[in-house]
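**Student:** Each chain sits in its own coordinate frame; assemble them with the hints.
The listed protein sequences correspond, in order, to chains G and V. Terminal number for the first sequence in this note's numbering: 1087, no gaps in between. Terminal number for the second sequence in this note's numbering: 326, no gaps in between.
Just so you know, not all the hints are guaranteed correct.
[Said to hold, decoys possible] Which residues of chain G face chain V? A partial, calculated answer using Cβ under 8 Å:
(1) D759
(2) F763
(3) S821
(4) G831
(5) G836
(6) D854
(7) Q855
(8) N859
(9) K872
(10) A1048
[What the hints assert, rightly or not] In silico BS3-like cross-links for lysine-lysine, where the CA-CA straight-line distance does not exceed 25 Å:
(11) G:K1014 - G:K984
(12) V:K323 - G:K872
(13) G:K872 - V:K58
(14) V:K166 - G:K788
(15) G:K956 - V:K325
(16) G:K788 - V:K131
(17) V:K166 - G:K791
[To be verified] Just some of the chain V residues that point at chain G, by a computed CB distance under 7 Å:
(18) T90
(19) C93
(20) K94
(21) K96
(22) F105
(23) G111
(24) V116
(25) A118
(26) L122
(27) G125
(28) Y132
(29) E157
(30) S158
(31) I313
(32) V320
(33) Y324
None of these hints come from the bench; they were simulated from the model. Cβ coordinates follow ideal geometry from the N, Cα and C atoms, glycine included.
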Amino acid sequence: MTFDYSQTFRGSSGLPNLDNVPGTEMRYRDAFNLTLRQELDRDPSVFVMGEDIAGGAGRFEKDGEVSYEEKKGFKPLDAWGGPFAATKGLIQDFGTDRIKDTPISEAGVLGAAIGAALTGTRPIVDLMYFDFVTVAYDQLLSNAAKSRYMFGGQTKVPLTMFARSGAGTGHAAQHSESFYSMLVHIPGLKVVVPSDPLSVKGLLSASIRDDDPVFLVNDKKLINLNGFVPDEEVVFELGKGRYLKRGTDVTLIGMAYTSEICRKVAEKLEESGVSCEVVDMLSLSPLDEDIILESVSKTNKVVIVDEDTPMCSMASEISSIIADKGFDYLDAPIKKVNSPHTPVPYNRDLEFSFMPSEERVIKAVKEIVEY
Amino acid sequence: MEKEKLRWLFESMYRIRRFEETMLEQTFKGKSMGVTHSSDGQEAGPAGVCAHLTDKDWIGSTHRGHGHCIAKGLDTKKMMAEIFGKSTGQCKGKGGSMHIADFSKGMLGANAIVGASIPLAVGAALSSKYNGTENDSVGVAFFGDGATGQGVLHESMNLASIWKLPVIFVCENNHYAEATPVEYAVSIEDISDRAAAYSMPGVTADGMDVFDVYEVAGEAINRARKGEGPTLIELKTFRYHGHFHADDPKKYRTPEEDEKWKDRDCLKIFEEKVIANNSMDLDSIKKIKESIDAEMLDAVEFAEKSPMPNIEELYSDVYVKYKD
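One chain only, chain V, in its complex shape (with noise of 0.2 Å):
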């Protein structure tokens, strides 16, 4: 792999890491308006997949999307305003942290009903596929396991099917749906066998470990691209944090099975990877690290220091034009 692609699969996962970290230190403060969903230990997903994608790209996104947004390209500056609700936030502060979107790079948006942001992810790759351009421009369509249990995903993949649209659906098997273990809410053990149901490839990777991901993403989204159709991906995976920042997972998860998981960190598997192949060395990682623990200083400065929005925003972009 190019070295620049290595270090851009790095600083992606330890952005969204350091950024989830710093968000929820932030919240703890009382610094964030409402709820908020770290991704903490998903890293490897949005990395890996996004790694292949470009702004022309479209993704769609989840009420735990931070990881998406940032392997997107998006600016941790704007994403922490918005989580402060201010006004120089990514959506002015109308968003929060459930709804943080940037259509200049891609991102359709993350979104707060468990499922829905699914047939948009479909819908941007019907765009392409109307306009003659399914080579740049894909749709990936990212959902949890919670999410397999919503008819509407069932049906965006039988559309992207049926049609050959240029679509990728990655589902973050994470392993749980708020409190509800996937074990209980899956008859199938593995997510990539419902594949079978649509005549797609369904493939299941180890989320933990972003070279697996970015191989089989890269499968997934050149078929795509060469107009062959869509790609069930599963990645197995776990948050490490509960379902929202108040959550305690104790309640539900038992310290061995988080042991388990934190053992197959995906930073850690990384750094023991390009040092035992001599692809990348201490000295880079921690500059990189040194860099974005900068950036995220920065970020929270940025948002504190922002002035909240104008009452009258209230009434603002409902519509494109309503009355005179």
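So that you can see chain G by itself, here it is in the shape it has in the complex (with noise of 0.2 Å):
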């Protein structure tokens, strides 16, 4: 690498910049596309499996005609290329058994990656929607949390799982979701939420190399949101946070999405007199307290923006560190904005109210900074 891309970010003032860096300006699900393909090309033990990943079980194709079995000289074909398009084209490039279409078994499949991964490969699983977890919460607790500590540090699990989360495109209640704490609750597991192109890129890459179980959260808000990734390998170290933009009189702390509202509420107030420096923290489990603190030792006034419901959340958790292990910077109370207690609602107003937003952010903001 070049340099150090996780303090990195585009255009924010008093940050490096990466315009004299070789890239591509493209859509957050473009750069988790090519670093899929990146990882698969530097590893022959990396493999994909998941629900529709290829769809249509990967048919096969020469010169226009399609075959549903396989034949000589036919190359495979997909009909979906994944949720969000994800995986799109790669069973062409990798073949059937690098990219894997199955059933609707998330229990089965995650426990099959879990076995997989003891015995000396590295999957990657597509979950789909982030809700799906929880059909497959055993596997992921029992035995891809626990498997190392409990059987005295004999194996390890190199196992990365990616989903989608977030309310707001009129999913409903059940293909929402964004319970980052029910994840990050689990020892043994760590958990990585990119809110941009390039954290997708340097996040996924970590992931994947990594020897523990990471599950990437894919913010479908962010899925065509569009920003510069170099050419060149980026691998972020998990569980350190960066700043989007520097300020001083109070600190936004964001997460996926989020953090893309954090930024542009900091961008308005700006305009209003009122300077906020932004952490996007990038890595919930590793959580970087370092950044944190050293934030809000600085500004002394703290909104935390977490689209989880509130209560066990990650706000919740990082109010503590707060409120234990910097209570001496602390000029007014520490304030979140969270989902409510409620799930999340289908029609647009009511789901709209439920998400954090930024008039929501402005508001906390507004409530601490003459305090």
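**Tutor:** What follows is the structure, encoded as structure tokens:
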């Protein structure tokens, strides 16, 4: 790597910029797909499994003729390429052994991936919607996260999982979860939350190369976000947050899409003379306590923005860290902006009232800025 | 059958029996730090299946896993030390009776969530197929009749079938899931009938006769090694003890039922057969027993004399690497 991309964000004042780095503007989803390709190319023990990650179970095609059985000279072909095209085109280039469509069997598939990881391969599992984690939760909690510890360190579980989270797309209660804390709570598991195309690249590569089980959460609202991605390899250190903007009056802490909200709020408030510092957590387990405390020690005021429901959420955890280790820094109460303690509603007006919004963050900042 | 193989089968079964008896004695003396689940009575299953496996083959196991561990070649000293919670234990005293694993022996771990190790064996077989090593690395999923009520078994059998993986599903039907009789909890008489739903062969074997288990398992494992896919084997068997060390099975089983099964004890059947066909003599059987009896005393002594883990071990091995 040319320099530490994990601490850069294009266009933010006061931060290193990437103007002279070779790279491309692309969507978050394209960065995800390209990074998967790069990692599949790099390590033959990496393979991907999930429901409809190819779709059509990888039919075969030659010169426009489509076959439902493997035939000589025919290449596999995808129908979907995964939800939101995360794995589009991969089966054509990597074949049916490495891009493996599965039945709708989250527990069986995740369990098999764990068994494969325990025996020398490096599987990646697409669980589709984040909500479906609970269908496979026993395998995640009891096998993926605990095998190393309960077997006395004999083994490792180099497994990567990903799924699409978040409200805001009308998917309603069972396809819109953001329960990060239900994963972060598990010792033995790591959880990362990219917030733009660059961090997708850096965190996905790092997750796949990591020897522990890592869950990468894709917030649906970010999937078409554009951003700059360097051509060269980018591997973030797991457990490091970054500054999206430096400021002096209030710290805004975000994760995944709420980092984007914080960034926009900071820009707006700048115009009215309030200087916000924006911290993007990037990793929720391990959690970068240092960046949280460093920022709060300077601004003395903090708003934590988290789309998860409020009880036992990441916002609660970060609040408790600040209250415990940064109490003397505080000049105002810690403010949490979460979703309410309800399931995600379907109706658009209700749904947008449910999610943290720029307005709610601005309101929270105003409550403490003159405190 | 070769003399060496015969000897191995008997040694394995007798070692399991004596380990379970010794482990229970020690549990009642307060030496185990938690619950233990004895597999005495079921020895022919692990022995007859694992006789066909090498260290490169993988097995998944259950809360009643001591027999699988022993048949897969784990060290009884380290197993006993693990149950005693000692630092010299197979898992440094951090797993206990229900979580004994040895990855160097192809043992993916005893697993205390009923049914949860089944997909791990499927995953091991997936690794083999991915690496093109099906011929010398198959996966065996051991589970009880209780696990047949778990959805993950269905998912695992379907995956193994559609992907034609080298897996053998071995259901040790000991007729009780905790205290619930199989007749109450399972809708069919022979669990092996369920194989038809996954278009794989299903066979029921006499789980008290190691020769029957050996034959059926050998066929299934050969098929797997040749790339012909999975098999479901049901072993009709019986655990002599209760569900866990302090469980009294008289609360839910009749003395007649226990007697009926003990009449067909796997060690007894083995001895009768080998004596009748002159393939082993009483003297060599006696010598094996003496040697294993002594091994158990050594295992207890080793466990007894081993140190406790350092308290710092609480924090180790949660991750390969977490924070710098």
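**Student:** With reference to the structure, classify each hint as holding or not holding.
**Tutor:** So, going through the hints one by one against the coordinates:
The closest approach between the C-beta of D759 (chain G) and any C-beta of chain V is roughly 13 Å, which is over the 8 Å cut-off, so the hint fails. Taken as an interface hint, F763 (chain G) checks out: its beta carbon lies about 7 Å from the nearest beta carbon of chain V, inside 8 Å. With 8 Å as the threshold, the beta carbon of S821 (chain G) comes within range of chain V, its nearest partner Cβ sitting at about 4 Å, so the hint holds. With a least beta-carbon distance of about 2 Å to chain V, the hint placing G831 (chain G) at the interface is held under the 8 Å criterion.
Interface hint at G836 (chain G): satisfied, since its Cβ lies 6 Å from the closest Cβ of chain V, which is below the 8 Å cut-off. Nearest Cβ of chain V to the Cβ of D854 (chain G): about 6 Å, under the 8 Å cut. The hint holds. Residue-level restraint check for Q855 (chain G) holds (minimum Cβ-Cβ distance to chain V is 7 Å; threshold 8 Å). About 6 Å separates the beta-carbon of N859 (chain G) from the nearest beta-carbon of chain V, less than 8 Å, and the hint is met.
For K872 (chain G), the shortest C-beta to C-beta distance to chain V is roughly 5 Å, which falls under 8 Å, so the interface hint holds. Hint on A1048 (chain G) is violated. Least Cβ distance to chain V is approximately 29 Å, over the 8 Å limit. Under the criterion of a C-alpha separation no larger than 25 Å, the hint pairing K1014 (chain G) with K984 (chain G) is consistent with the structure, at around 21 Å. With a C-alpha separation of about 10 Å, the suggested pairing of K323 (chain V) with K872 (chain G) holds against the 25 Å cut-off.
In summary, the hint linking K872 (chain G) to K58 (chain V) is supported, as the alpha carbons are separated by about 17 Å, within the 25 Å threshold. A distance of roughly 21 Å separates the Cα atoms of K166 (chain V) and K788 (chain G); the hinted pair therefore holds under the 25 Å criterion. Under the criterion of a C-alpha separation no larger than 25 Å, the hint pairing K956 (chain G) with K325 (chain V) is consistent with the structure, at around 10 Å. Between K788 (chain G) and K131 (chain V) the alpha-carbon distance is near 21 Å, which keeps this suggested pair within the 25 Å criterion.
Restraint check: the Cα-Cα separation between K166 (chain V) and K791 (chain G) comes to about 21 Å, which is no more than 25 Å; the hinted pair holds. For the restraint placing T90 (chain V) at the interface with chain G, the shortest Cβ-Cβ distance is roughly 11 Å, beyond the 7 Å limit, so the hint is violated. A least Cβ separation of about 3 Å between C93 (chain V) and chain G falls short of the 7 Å threshold, and the interface hint therefore holds. Because the beta carbon of K94 (chain V) sits about 4 Å from the nearest beta carbon in chain G, less than 7 Å, this interface hint is met.
Because the smallest distance between the Cβ of K96 (chain V) and any Cβ of chain G comes to about 5 Å, under 7 Å, the interface hint for this residue holds. Given hint, F105 (chain V) at the interface with chain G, holds; its Cβ is 5 Å from that chain's nearest Cβ, closer than 7 Å. Restraint check, G111 (chain V) versus chain G: the minimum CB separation of about 6 Å is within 7 Å; hint holds. Checking V116 (chain V) against chain G: minimum C-beta separation of about 10 Å lies over 7 Å; hint violated.
The interface hint given for A118 (chain V) holds, since its Cβ lies 6 Å from the closest Cβ of chain G, which is under the 7 Å cut-off. Below 7 Å, beta-carbon pairs count as interface contacts, and L122 (chain V) has one with chain G at about 4 Å; its hint therefore holds. Satisfaction of the interface hint for G125 (chain V) is found here, the shortest Cβ-Cβ separation to chain G being roughly 2 Å, below the 7 Å cut-off. Checking Y132 (chain V) against chain G by beta carbon gives a least distance of about 6 Å; that is within 7 Å, so the hint holds.
The interface hint given for E157 (chain V) holds, since its Cβ lies 3 Å from the closest Cβ of chain G, which is under the 7 Å cut-off. Annotation: S158 (chain V) was flagged as interfacial toward chain G, and the flag holds, the nearest CB pair being 5 Å apart, inside 7 Å. The closest approach between the C-beta of I313 (chain V) and any C-beta of chain G is roughly 15 Å, which is over the 7 Å cut-off, so the hint fails. Annotation: V320 (chain V) was flagged as interfacial toward chain G, and the flag holds, the nearest CB pair being 5 Å apart, inside 7 Å.
Against a cut-off of 7 Å between C-beta atoms, the interface hint on Y324 (chain V) holds, since the closest Cβ of chain G lies about 5 Å away.
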